[in-house]
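Engineer: If you want the building blocks of each chain, they are given just below.
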Amino acid sequence: MKHLYAWSAVACIVLTSTAGDVLLSRAMKQVGDVAELRRRSGLAHVLGRILRNPNFVIAILAMATAFYAMLFGLSWADVSLVVPASTSLTFVSNAAAAKIFLHERVDHRRWLAALFVAGGVILLAL
Amino acid sequence: MTFPKYLVLVGVAVFAVTGDSLVSRAMKQLGGVSLHHLAGIILVVFRPEIALGVLFLLAFFACYMAALSWADLTYVLPTTSISFILLTLVAKFMLHENVSLARWLGVVMISIGVGFVTQGPSLTPQPRSKHSHDRLAAPISARTEL
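Chain order of the listed sequences is W and H. Everything in the first sequence is counted per my numbering, starting at 1 for the first residue and increasing by one. Everything in the second sequence is counted per my numbering, starting at 1 for the first residue and increasing by one.
This is chain H alone, in the form it adopts within the complex (with noise of 0.2 Å):
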């Protein structure tokens, strides 16, 4: 794993509460949205607050599939739920939140599996095939190689 690769798991996380942030904040500031006016759900998005949300989740997404191209999904899961920790501290030091006991060790144990889970490789190496639909499943440097 090199730095730049951290870099893409972290944006993933900042991204996602970033975008999640943004899109509540503004939700709960518009009051209820009626299923029964469509019209009015597509047009949400172009509220700048909202837009500005969308851009971060589109980051995210990018980041996220980014992350899915070199490393295995049960690597990028447990790495990226960081995210609930940046939740929790940013409802606990900025939105001044209280933030209970239990929520405390929630953090504490998705801590312990993040520490888990980026102690092994990021990566489980595929073994070479013969067959050609494997091959499409290695990475493009290795399939380079073949």
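For reference, chain W alone in the conformation it holds in the complex (with noise of 0.2 Å):
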């Protein structure tokens, strides 16, 4: 039971901190460059259009969610477990969200940047 209770904290992590890159990537490419939105505007016009964007907030939601459900996943169960797939799952997932829902060009070469990353993470932890 606590096998399963670790998976789900595992999923729950994938999940939320996927949405939230997605969801901050989408919420900055609609901000703009912002070292050329600063040099024309000031940084507090850049701070003011980031923090009113809706998808910057619930991004920050999001990774709030991914941190808690890391927090839990740990009480159920080891770092070496926790950590390394939920980290390297997320790799796998923001590739497969990018391309779906920001259109993103992801080529053989970014999806095999993604599982060479991935599979390196799970290497570090053993």
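Treat each hint with caution, since some may be false.
[What the hints assert, rightly or not] Label-pair ranges, simulated between beta-carbon atoms: (1) H:Leu43 / W:Tyr68: 36 to 42 Å; (2) W:His108 / H:Ala91: 46 to 52 Å; (3) H:Val99 / W:Leu51: 39 to 45 Å; (4) W:Arg38 / H:Gly120: 26 to 32 Å; (5) H:Pro125 / W:Pro54: 23 to 29 Å; (6) W:Ser41 / H:Phe3: 21 to 27 Å; (7) H:Phe46 / W:Ala64: 32 to 38 Å.
Hints were generated in silico from the structure; no laboratory data involved. Where a beta carbon is used, it is the ideal one built from N, C-alpha and C, also for glycine.
Mind docking these for me? Both chains are given alone in their own frames, and the hints should help you get the complex.
Structural biologist: This is the structure we're talking about:
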């Protein structure tokens, strides 16, 4: 039963952190190149645009949920299972979500990059 | 990609590693923190070493957001995973930890992954559309031209 709880926490971490990353990416694309915007309109204007963006607010909520799911996961299973499993799966799920929701051009090079990094993260935890 | 943009990507990795290391070391010195003492969890961020770690993590998040404003998520995430490589090098050469062969293989795999993604373009070109919500998704430089 504890095994089921641990993998449920991993699934929750992967889903919420992927949602957080995708929404943050969408929010920042809507805001625009921050360096260019800061040069033109100032830092306060950039911060205002970011904080008023609904995608940014939901992204922060999703990331906070991922953080608490990680805390729960760590109380049910070892850190050596929860952290590498969730981190490596998040790399792969982000590639899929970016292709579907952000319409990014995820070519074979980017898929290979996500898979190599995910595999590398698992090896680092051994 | 310009040199300042590469610096932002390096900033993501370096600030994440420094912040995580500072907070992790400080929390180990502090001992266990119980979820039953919420005030303790909140007050812990006012300890100097944890506050410094949090400042580095805020710098990480600022660089991460800046990078996402001009590059794809599938470019930024693998590129900034050089933080895992930096962390292993710090563990081996500064903390003198024993790094196993599997971990070195992990470092090699992540390096290959970063190499793959940095060979390609950093941003997917946005198609011009007559729909206003698509214009919102385009970078600001493109939007001002429309």
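Engineer: Would you pick out the hints that fail for this structure and give their numbers low to high?
Structural biologist: As far as the earlier hints go, 1, 2 and 7 are violated by this structure, in ascending order.
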